[in-house]
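> For reference, the chains in residue letters:
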Amino acid sequence: MCATTLSQRPPVDREHALFLLQEMLRVRRFEEKAAEMYSLQKIHGFLHLYIGEEATGIGAMQAFSPDDAIVATYREHGHALARGIPARVLMAEMFGKVTGCSRGHGGSMHFFDASRRFYGGYAIVGGGLPIAVGLALADKLQNRSRITACFFGDGAVAEGEFHESLNLAALWKLPVVFLCENNLYAMGTALARHQAQTDISRKAGSYGMASNAVDGMDVLAAEAAVRQAAQSVRNGNGPFLLELRTYRFRAHSMADPDLYRTKAEIEEWKKRDPIVLFQSCLREWGFLEDSDLERIETKIGAEIDDAVQFAEDSAPEPIEYLLKDVEGPVTT
Amino acid sequence: MTKMTYREAARAAMRKALREDPRVFLMGEDVGGYGGAFAVSLGLLKEFGPERIRDAPLSESAFVGAGIGAALGGMRPIVEIMTVNFSMLAMDQILNNAAALRHMSGGQFNVPLVVRVATGGGRQMAAQHSHSLEGWYAHIPGIKVLTPATAADAYGMLLAALREPDPVFIFEHATLYPLEGEVDEAVQLMDITHASVTRPGKDVTLITYGGTLGKTMQAADRLAQEGIDAEVIDLRSLRPLDAPTILASVARTHRAVVIDEGWRTGSFSAEVSAQIMENAFDDLDAPVARVCSAEVPMPYAKHLETAALPKVEEIVDAVREMIARHG
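Taken in sequence, the protein lines are chains D and X.
Read in the working numbering, the first sequence has 300 at position 300, and its numbers run on one by one without any break.
The number in the working numbering is simply the position in the second sequence, starting from 1, with 1000 added.
For reference, chain X alone in the conformation it holds in the complex (with noise of 0.2 angstroms):
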């Protein structure tokens, strides 16, 4: 195990890949001469060479489009979106063209493509780089959703990830970058298709994933120290997901909170909640709880985006409430 940050969790699992599989090359907005937005690809330019670490020009649509060309044409493209915002720019190419293509062309033609997408708020970067739309690419059958929470994660997931067959998007959530975790770089094939109990607990179920697992764990902490044992699931995966280890997990502690960075309305804590719903209604003491964002374009100002993102006592209290009202 190596200490590391998850910047340089997700970077070593890039050069790892780049140096074993010469069909790996890297594209995006400033991956190359500038070392990615967030310093991702710090130094990979230098190592690999401008053929492999392409930096493209502010067209989305184009260099994500060339990556699922470049992927029906052989190659195993990493192509890097610099916020979830300007993923909008390409969604044509990633809902009309790598999702559709297996199934509409009768399962001619597949498209192994991995996408990196930095997401999230928390950052004061207001209403144009700050939002958490993976649940909207959950939504999208023919792509996988992988939402990194941890440094080893961040590394073994891209790894994972360029052995699909179909494309795939990993969400870094960019407050995450400087933390560090353990990371197993000698790990060979990591599952990426279950959820991970961070936390066991007993009373309650606590639904997350990437950037809010923190301010989740706080939470369990918080309760813990009320008597209340909270279990903390890590989805790791939006698309496909787990419901399995949820609702297990219910089944068990007979309470749900789902904690999402997302907006609430048509959202994926909606569906995480639909399926406890549909699945597990009799373990149920209490109806499924959320914390969401709230509902407004991310604000600038530090107070203002700090009241629009899930807090730790919005967790806390969410449960509270369940638990005195429900027993």
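So here's chain D without its partners, still in its complex pose (with noise of 0.2 angstroms):
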């Protein structure tokens, strides 16, 4: 049954809730694609999932035009390909082909796109907020009215550069939307092990900085809570914290055993998977059918499929490149 937030009536017209579902749902498909590929030793190194936090990437790039900026993690899949960075080229990125969008450089961590503003999967936890903070400092410096969009999880939070960069950006008053994907584990550590004060949204109050926090299962109310984010940030008010509570069912990353939670409470939360709690409201709202189903599933099967060939049939960057990308002539 549909238990969201928002379950009352439907709050968006029919296309736009299948275009979410649709989304989610391409997310969570080319995430499973990427563990079965890890696992076939096609993709390397580390591997972090966004399985279960669909709802939070999905909802938020909703309120950001391809003018704003996007500054991601290293847990940034889900991001990338809201974006609107194509699968295919984020898969080849992983099989570290020179096809992929950081021509195999960066790899599952480091997804890069210039035409799409996409400033990057940061694999340091906190280092992309001071970049975020930058990119608005030119944008106001440049007297543009475009707003950055910077995504990090609680983790992040106990960082140094969280709170140097929350107060920067309030006191400079930056148009930056801080986007906490609070999924109560920073990799092994329970939240209420790394903070004093767990309500993440409430830190926003010593910058004097507005905030809010939402439930990140939902993905209309996490979209809702963005654009109300985003407009207070374009409206000139300064910065805008907004913590997106949610719950990664996959272990921090393939590494990782998952030996600090117990199969229990990731049972409870799978409960409020956000692609069946809004699959439950889209039918209670009579806006999906099995039909409708099939034809967004097999529809994303060929981007899926398509993805993994792409990557399995590109070639990797020439050897003799190696060096070429570390310094440049002038670019910009």
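Since the hints were made in silico from the structure, they are not lab data.
Do not take every clue at face value.
Taking beta-carbon pairs under 7 angstroms as the criterion, some of the chain D residues facing chain X (in silico) [stated by the list, open to error]: (1) 99; (2) 103; (3) 112; (4) 114; (5) 127; (6) 131; (7) 138; (8) 161; (9) 164; (10) 320; (11) 322.
Since this is a predicted model, take the numbers as computed values, not measurements.
For every residue, glycine included, the Cβ atom is placed at its ideal position computed from N, Cα and C.
With the hints in hand, could you dock these two chains into one complex?
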């Protein structure tokens, strides 16, 4: 049954609702395929899956235009897909191929796309926040109206860079939407074991910054809250901290044996699977038939199959280019 | 040519850049109202206003990172870090972001950021304000490391750095700020990739940079009185390192001493020495010698600090011993 916070009546039209469902399913199927490719040793290194957190990234990304900048973390596959980076170039990146979004230099944790103002996956926790502040500073200094979205997790809140960045953004009234995807674990350390104040949204108060917290398993609630936060920033009110409360269903990375939480806890959270929740709402509202779901799954399946095939068929970066992009000619 | 101090030269370069390029701005601790901890930016706030001369909170990681972000966003930031010891607080942004972004993004993003950092000892500032860590920075692919030793370089290097597409770190030895020199304010685009032979000579090559150039020149003068004709190379840039100039000199003199205010172990002087060994072994009449700082956190008391830093006599002695022992 539909149990989202916005369940009383459909707050969106059917077309947009089905789009959101499709986007969340794209991420879910992409991540499942990535896990499979990792186990087949097509993908190496670290692989951090977004499964369970789809509603936050998909909901959030609806609030940003192509002009806005996106700064993400090492768990950024969902953000990259939501931003419109084709699944095939993301898969190719993880396969280490030259057709990848970072020419195979970055891998799973470092997706970049200049054409979509996707400023990257940052794998030092908290390290992306100062970058987002700087992007927003550049916009302010050049009197541009665009804004910057900065994603990070609850683990980043313990870093000095979180506090320094919030202070600087608030002090200079910079157009940044800080989006904390709180999945309750900093790698394997539970929120209550690393934060004295576990209500992350309240930390904004120390910096005189507006903030809010929202159910991150409810894609419509997440979208609405991020739109509201983004609008506040666009209106010139300075930065905004939004905490999206979510949960990852898979381990921290493929290397994580997941010993620090119980299976029962995970199963309890899976009852609030954002995709399952949203589907039940859509059915209740008469927006979704089995045939719709079948059509969506077929389309996504083809996209994911194409992504794997493309990654498989692509060439690796020629070894003679190893040092090519360390320093460069003037490009900007 | 205009006579001015090293401090005035750095300021004049910033003023010129701020006037000519609306993308340039200065950001750092106390660069505005205070005028800079070393008074390098004194007066710039009045001329350019607080939007372009930005006093930052004591948040090295945030404002260096913001400089990176602003560079990505189309600006040409100059970030000032008060001392190299403080730059450790921004090391994550420098190493993991500024230096890595171009390559990590497959060449899509570059970071045209200039960071000015005061470095070095000699002012009794003790163990948290006095070290010479520029050699650490020279270890990092993806950034350039400049060490102006003269007013002319303080001026020209800053302007040239602002034309670079990638991060440039400029280490200004704090004892140099009051020293005067001739500056060519009409310089168009200074060469920042080559070392310079500050003093030609034929008997030994003294290789140094930044704050120890003066001591090395004094040592060369002393040696000249003893009939030893020393060549002095000012490296100017630690990364890239101009090895050809070093090797060509060693091929002529057959002897080399590296003078570096950094510590000896795992140091930039070791890198220079290794490159000579790797590429000019057969030219050498003696092993490469080094004059470095003592392996100790910089002490406060004057006599201890003096003892810890490279000294003119040590340079002279190193050359004397080299010639006495190896001919």
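> Taking the numbered hints from earlier one at a time, note which ones the structure violates and give those numbers from smallest to largest.
1, 10 and 11
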